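Novice: When you get a sec, could you build the whole thing from the sequences and use the hints?
Protein chains in written order, with my numbering: chain W, 1 to 222; chain F, 1001 to 1500.
If you're looking for bench data, these hints aren't it; they were derived computationally from the structure. Keep in mind that this is a model prediction, so the values were computed, not measured. Certain hints may be false.
Computed far set for chain F versus chain W, every beta-carbon distance over 12 Å [claimed, not checked]:
#1 1038
#2 1102
#3 1204
#4 1236
#5 1272
#6 1337
#7 1340
#8 1361
#9 1366
#10 1369
#11 1371
#12 1403
#13 1429
#14 1468
To give an idea of the chain F side of the interface with chain W (calculated C-beta under 7 Å), a few residues [unchecked claim]:
#15 1059
#16 1109
#17 1113
#18 1174
#19 1177
Derived lysine to any residue pairs resembling SDA-like cross-links, with alpha carbons at most 25 Å apart [unchecked claim]:
#20 F:1192 <-> W:131
#21 F:1039 <-> W:131
#22 F:1193 <-> W:176
#23 F:1193 <-> F:1032
#24 F:1039 <-> F:1305
#25 F:1193 <-> W:171
#26 F:1403 <-> F:1369
#27 F:1192 <-> W:185
From the three backbone atoms N, C-alpha and C, an ideal C-beta is built for every residue, glycine too.
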Amino acid sequence: MEPFTRHTGLVVPLDRPNVDTDAIIPKQYLKSVRRTGFGPNLFDDWRYLDPGEPGMDHSRRRVNPDFVLNDPRYRGATILLARDNFGCGSSREHAVWALMDYGIRVVIAPSFADIFYSNSFKNGLLPVVLPADTVDRLFREVGARPGYALTVDLERQEVVTPDGERFAFQVDGFRRHRLLHGLDDIALTLQHADEIRAYERRRAEEAPWLFQDLQAVRGEGR
Amino acid sequence: MGAGWSAGRAWLALTARVATLAGLVGEIWPMPARTLYDKLWEAHVVREEPDGTALLYIDRHLVHEVTSPQAFEGLRLAGRRVWRPATVLAVPDHNVPTTDRSQGIQDPVSRVQVETLERNVREFGLPAFGMDDPRQGIVHVIGPEQGATLPGMTVVCGDSHTSTHGALGALAFGIGTSEVEHVLATQCLAQKKSRAMLVRVDGEAPPWVTAKDIALAIIGEIGTAGGTGHAMEFGGAAIRALSVEGRMTLCNMSIEAGARAGMVAVDDKTLAYVRGRPFAPKGALWERAEAAWADLHSDAGASFDRTVVLDAGRLLPQVTWGTSPEMVAPVTGRVPDPDAEADRVRALGMRRALEYMGLEPGTPITAIPLDKVFIGSCTNSRIEDLRAAAEVVRGRRVAGNVKLAMVVPGSGLVKRQAEAEGLDRVFREAGFEWREPGCSMCLAMNADRLEPGERCASTSNRNFEGRQGQGGRTHLVSPAMAAAAAVAGHFVDPRELVGS
Ligand code: SF4
Chain W
1 MEPFTRHTGL VVPLDRPNVD TDAIIPKQYL KSVRRTGFGP NLFDDWRYLD PGEPGMDHSR
61 RRVNPDFVLN DPRYRGATIL LARDNFGCGS SREHAVWALM DYGIRVVIAP SFADIFYSNS
121 FKNGLLPVVL PADTVDRLFR EVGARPGYAL TVDLERQEVV TPDGERFAFQ VDGFRRHRLL
181 HGLDDIALTL QHADEIRAYE RRRAEEAPWL FQDLQAVRGE GR
Chain F
1001 MGAGWSAGRA WLALTARVAT LAGLVGEIWP MPARTLYDKL WEAHVVREEP DGTALLYIDR
1061 HLVHEVTSPQ AFEGLRLAGR RVWRPATVLA VPDHNVPTTD RSQGIQDPVS RVQVETLERN
1121 VREFGLPAFG MDDPRQGIVH VIGPEQGATL PGMTVVCGDS HTSTHGALGA LAFGIGTSEV
1181 EHVLATQCLA QKKSRAMLVR VDGEAPPWVT AKDIALAIIG EIGTAGGTGH AMEFGGAAIR
1241 ALSVEGRMTL CNMSIEAGAR AGMVAVDDKT LAYVRGRPFA PKGALWERAE AAWADLHSDA
1301 GASFDRTVVL DAGRLLPQVT WGTSPEMVAP VTGRVPDPDA EADRVRALGM RRALEYMGLE
1361 PGTPITAIPL DKVFIGSCTN SRIEDLRAAA EVVRGRRVAG NVKLAMVVPG SGLVKRQAEA
1421 EGLDRVFREA GFEWREPGCS MCLAMNADRL EPGERCASTS NRNFEGRQGQ GGRTHLVSPA
1481 MAAAAAVAGH FVDPRELVGS
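Specialist: Given below as structure tokens:
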């Protein structure tokens, strides 16, 4: 995973609450067995006027000029400004992959759905929680000033406006550490393999029914 | 929630620490009152970081075809194996056709995904039910049905509705694909403990008010973000009165209230449900398990970070009118008016939703006509759901304006059971289609979907834009309401259609 330390980028405002993962990446694209290539279909139903299917040439589709991502003024945006409960709905990590593939590195919102929040960190996308009134202000500023860019500093845990104003945000230490250094979660956990085995030994005595082999029982079931 | 509460938590933390430092001291130390969530959590902590991040051991890992390919690919690329293959149960459900399967899957992209799962389970040696196995079905239906998910377990799946399994007194939650890979490789997850929330539903639900109506009413009350950051326990007389299947419906929808996990304490109903299931412990092992499970409830006096209380006696059958499950009204109600909403962002959301749904403010819910009816999904496709719907449908006909009414059982075994009870005939004679098990029109990844503008009464869990097909309009309801709506051609108070 790419480390994330500090990022400056153009901000695109998506002014609706409860943006769900079905909206971020519609289900027909979940049929892919890869992690990449979802960018053209980010917000597909909102971004295009015609229905989309995997395998189409998306550059030839009819774009919805009223959707904010299609506004030339926000072309190349890497920071998404959003409302409450962003990423609610399914666990699909494809939502994060689609945002990343499109070029988004940071999402700022007053709140996120839990699974989306956790998925983001696994992929190097930084979800930033700011108070609702701060987010409200940022929405107004982005709307009023073309080219509005923010700097998001994970090391110092602050968002810096073009005027140099700073807003602090919280990230839990463990996640921050992993993201700052782009660490592989699995490798970190496997450092504790002995502890996992010790837990399994203890647990197998305490609750042996948890250690039945489904494969063995499967033979009987047939 | 003042000082008394935080003092209580500090006490708990202190006691827990002492217990880990010296097991003996922990045993004679008086145990403070713990929530069900505390108990499930603590039993699975392998280690803990100073910041409170725990390595949590996972007992059961359910896998389906949509969120797993990239995880297996990750394992292969890193040359890693599966830590404990015997804990996995894999099944294809999202992409499978619900019509004749002898021809395989027609859609090539869906087929690749299902075949990829088959290849992966072979390569890594994982227990799995194939598409043609009679036990195949929606992952959250077959887990409990097979006894593969049990009380006291930690259960994960790359699917947000994993919360369903919490109905058995388990800690069950959905994870993303990176976490699927992590659990496959390590049998653990790095997690921080959520806050604990109690949703207490007192009183007695009136006739026709089902677990689904309770779930929708709760979401209407606290909102789709109401449970964010919380593990949600359901308690109270109305919950105890629910069958285990009904509790699954409720826990299934806890994610729609923002909670990652939902759970219900173990009681006699839970034990009766689990006993004798294929993967459930047997004989002496059962006795031991049963004894251990007796503790799977919140202790008297356990403190929750948040408590919400509802009176089931005041509830009515619910129907969603918008594009978020919180946009819900009783069947006797009307589509609300955004102009009457004070909050600007909320009013905007309502306006967008009404525009998408093609509804005018003030329209009575019962005046909304339907094009399609879908009875199925991991929320409401168990035998009890089909019985409830069949009861309404029996001797009646699907209304002329309803183009398609379909029943999709949650699993092959549910289907077989329903057929043994003659429910398939009841549905067929009324004009319903009777299908093969799978996710189907819950998210329309297979061939079952809404056309743009079509309006559907659906027993599934999400009414998001495009969820059941691009431009499709979803109203979430209970199986009884879906059946009544199919017969009437519009939403109808089932009490009026059938009587109470
Ligand atoms: S039935 Fe619907 S909600 Fe349940 S697992 Fe399938 S797609 Fe997800």
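Novice: Hint by hint, say whether it matches the structure.
Specialist: Each hint tested on the structure:
1. 1038: holds, 17 Å
2. 1102: Correct as stated: the minimum Cβ-Cβ distance to chain W is 20 Å, above 12 Å.
3. 1204: holds, 32 Å
4. 1236: holds, 24 Å
5. 1272: Holds, since 17 Å exceeds 12 Å.
6. 1337: holds, 18 Å
7. 1340: The assertion about residue 1340 of chain F holds, with a minimum of 18 Å to chain W.
8. 1361: holds, 19 Å
9. 1366: holds, 26 Å
10. 1369: holds, 24 Å
11. 1371: holds, 18 Å
12. 1403: holds, 19 Å
13. 1429: holds, 33 Å
14. 1468: violated, 10 Å
15. 1059: holds, 5 Å
16. 1109: With a closest approach of 4 Å, the residue 1109 of chain F hint holds.
17. 1113: holds, 5 Å
18. 1174: holds, 4 Å
19. 1177: Residue 1177 of chain F check passes; min Cβ-Cβ to chain W is 4 Å, inside 7 Å.
20. F:1192 <-> W:131: holds, 22 Å
21. F:1039 <-> W:131: violated, 33 Å
22. F:1193 <-> W:176: Given pair residue 1193 of chain F, residue 176 of chain W holds - Cα atoms ~17 Å apart, limit 25 Å.
23. F:1193 <-> F:1032: With Cα atoms ~18 Å apart, residue 1193 of chain F and residue 1032 of chain F stay inside 25 Å; holds.
24. F:1039 <-> F:1305: holds, 16 Å
25. F:1193 <-> W:171: Given that 25 Å is the threshold and the Cα spacing comes to 15 Å, the pair holds.
26. F:1403 <-> F:1369: holds, 12 Å
27. F:1192 <-> W:185: OK: residue 1192 of chain F and residue 185 of chain W at ~15 Å, within 25 Å.
In this structure, the hints that do not hold are numbers 14, 21, in rising order.
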